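A.B. asks: Let chain A serve as the given structure and place chain P on it in line with the hints.
In order, the protein sequence lines correspond to chains A and P.
The first sequence begins at 267 in my numbering and counts up by one.
The second sequence begins at 4 in my numbering and counts up by one.
Please keep in mind that the hints were generated in silico from the structure rather than gathered at the bench.
One should not assume that every hint holds.
Stated by the list, open to error - With the C-beta cut set under 10 Å, the calculated list includes, among others, these residues of chain A facing chain P: (1) 523; (2) 555; (3) 563; (4) 590; (5) 591; (6) 641.
Stated by the list, open to error - Quick list of simulated restraints, FRET-style, between CB atoms: (7) P:195 / A:527: 49 to 59 Å; (8) A:537 / P:116: 30 to 40 Å; (9) A:534 / P:57: 31 to 41 Å.
The structure displayed is predicted, hence computed values, not measured ones.
The C-beta atom is built at its ideal place from N, Cα and C for all residues, glycine as well.
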Amino acid sequence: MTEIAGIGTYLPAWGTATVRQTGDDEDAVTLAVAAGRAARTAAGPDVAVSSVVLVSRDLPLIEGGNAAPVLAGLDLDEHIHVREVIGGSAAALDEVAAAGPGTLVIGADAAGAAGASAVLCGGTGRTVTVTGRVVRSLPVTTRDQHGNTTDYADPRLLRERGVGESLARLGNPAAAAVAGLAGRDAAALCGGPAPVLPTTGASATGFAIAALAVRAGSVIAVDHATVTVAELSGPPPPVVRDEPEPQPRPAGTLAPGASVSISLSAYERAFDAKVRLAAGRCAACGSLSLPPRRRCIDCGSEAPADLAPLPRDATIYSLATIHVPVPGLVSPYTIVIAELGDTGVRTIAKLTGAPPGSVAIGDRGTLVLRLVAVRQGVPDYGYGFLPVHRGARGVAA
Amino acid sequence: MVGAGMTQFGELFHLGIKDMLPMAVSEAVASVDKGLDRTDIQAAWFGELVTTDGFATGILADTCGLLDIPVSRLENACATGNDAVRHGTMAIASGMYDVVLVVGADKVRETSSRTTFWDWMGMTRDAAWDFPLGLVAPANFALHAARYLYESPHATREHLAMVAVKNHHHGVTNPKAQMRFEITVEQVLAAPMVVEPFGLFDCTPQSDGAAAVVLVAEELADRYTDRPVWVRGTGLGLDRVMHQHKRDMTSFPPTIKAAKQAYAMADIGPADVDVAEVHDCFTGVELINYEDLGFCEKWGAAKLIESCDTYVGGRIPVNPSGGLKAKGHPPGATGVAQCVEIFEQLRGESTNQVDGARIGLTHNIGGPTAVSAITILGTDKG
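Okay, chain A solo, but in the shape it has when bound (with noise of 0.2 Å):
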């Protein structure tokens, strides 16, 4: 049994009402990233996080690699221990009904219906119990570990001797809502109307909890054949959605050219200050630079500065929408200078989750986790303006 302080729920700007899609800016890092925070925000200042899970099939390094930007990304201390579960809605539930106080269960979908949820572990009375399991095997999608994915294409066989045979050896338990399935099994399964998931991977499950935040009952996680049941029951959990309204993903342009190169020494250098979001304070004044330096950027003391978090408000100070294609990126696309709080430190990043053009001087918003660039393989993290008002004044690409 697990009891729940908060949940959060994240979707991409990009897509329809029923299914999101990531931009080119986003990965199953980044989305766990923000439905972390959104979890975090829920459980209020006094629930610490103690451990991650992230569960998905999506994760970006699978030589390893994800857990330090997760941590970074959410404000973790990179003692805290990051598990990486690859796995579906059926994994995810397993996650959160075994996890302990503290523990941070995400789910990350970044292919395909894409959304991320978390659920925070930790004392208001919402229990999670598991009240059956069937482990079985009737792979009828398969992904290599090349990415290539076959489907066997037979939804009854699936329905009849996968989903069905499962639950009639858990004695077919009844459902108030269903992670994994389509609408229309789903609710199948519920016998009657069921909860609406925008997704049907790892995440499916945070989203069937924060669906039943409001009432009790039990949820139905399935991965292919593989079913567990668990029982919700308690006093309802806060929860957190960072779920914009959704709008036509911009038709950019890839152009044509070599992958842009990356030195890993630079990466590792800048990756405590660019992916926590954070600025050296200078010992001697206590001014702050972004990025970090050796020489303070006002009072010239060389002492060994720290890092400050910055504040994530920002206000566009300038900016310069590209329109010409630039070898390996999406064009058009948005950079903008931002002013981060009162602190007076600027910032220099991609517009995010609004169309590119959409913004002007001035404009207010807010610095995200989001991947920058691919570089020779390597996920580049950093911060993206996400402005107030969104697609207000996008053009046409």
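C.D. replies: Coordinates of chain P only, in the frame set by chain A:
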């Protein structure tokens, strides 16, 4: 300065750097009124932004018959040309050399036009912090122009367009110019957008070219000419490298610093300048230059271009050669070629002559808008 010459600027697909260098140097040598024996040249400086065909100084020495003198290569972003002239001047002023050759060249169109902006960007960006953003060269300047247009009580995109119209008009009479045709404000505004607020006609073309000047010590000048052009002042200014650290993006502090040095050295002020060749890689940059160089007050640039006072015949003609906009912009050559134009202006030999010009100024701004170099030339020693 006793000699000056340059190649045609343009997409010189038929010429390599090993062709352009001897062409420019030979024209500069040939322009010396009383003749210059190439063996008189004691040292050379070569301004080149991007290495083409290999080892730069060796190529200059090898292709121009200068194998027995020291040659140094200088690179200072788009300020390379005027900084090379500054180094040649210092070499003479130090007393170490009496006859110095200064050459600038770049072979931009040796690679696909699609990759040029990207190639240049790699030279001006921090590897971790802003390189992956795609902050291409026009965006460097667009970030300034956007803020300038936002703050200026007068300037609009039409004023940017007027700069392009003027410089194209000036370029028509220049046989060395890359773009010798008139355009209208309407054409500029209707052109495809490159990086807002710059459309296609707000941007310099991509150019190949080379330029050279010959500098000699004051005592030797009359051995070569009876009408030398005097280097009256030089200056070079820098600024914070990253755009997020430039507090006021409506001006270019490097220009202000370089101008202060050069005006002081020449013991003149902006009002004394009769003709100027300034860095107009993008139209909005020329407007900001007017203010930074002191040709008008802050926010006065829009009215200055509106009044036609920067046309030849106006109060302070700017870019009679057509500027980078119409003449072309092979970065290493650009500043040296500006000096070639002013050399001709001060000797009354320009194809777009400013009547009675006695003092001329050349100006580059470059890198991530973080370096400016300025040269002031005069008919009188001062």
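A.B. asks: If a hint holds in the structure, say so; if it does not, say that too.
C.D. replies: Going down the list of hints, with the structure as the test:
1. 523: Check passed: Cβ of residue 523 of chain A comes within 7 Å of chain P, closer than 10 Å.
2. 555: holds, 8 Å
3. 563: With a minimum Cβ separation of about 7 Å from chain P (threshold 10 Å), the hint on residue 563 of chain A holds.
4. 590: holds, 5 Å
5. 591: Status holds, d = 7 Å.
6. 641: holds, 6 Å
7. P:195 / A:527: 49 to 59 Å: violated, 29 Å
8. A:537 / P:116: 30 to 40 Å: holds, 35 Å
9. A:534 / P:57: 31 to 41 Å: Hint holds: Cβ distance 33 Å, inside 31 to 41 Å.
In terms of the numbered hints stated before, the structure departs from hint 7 and from no other.
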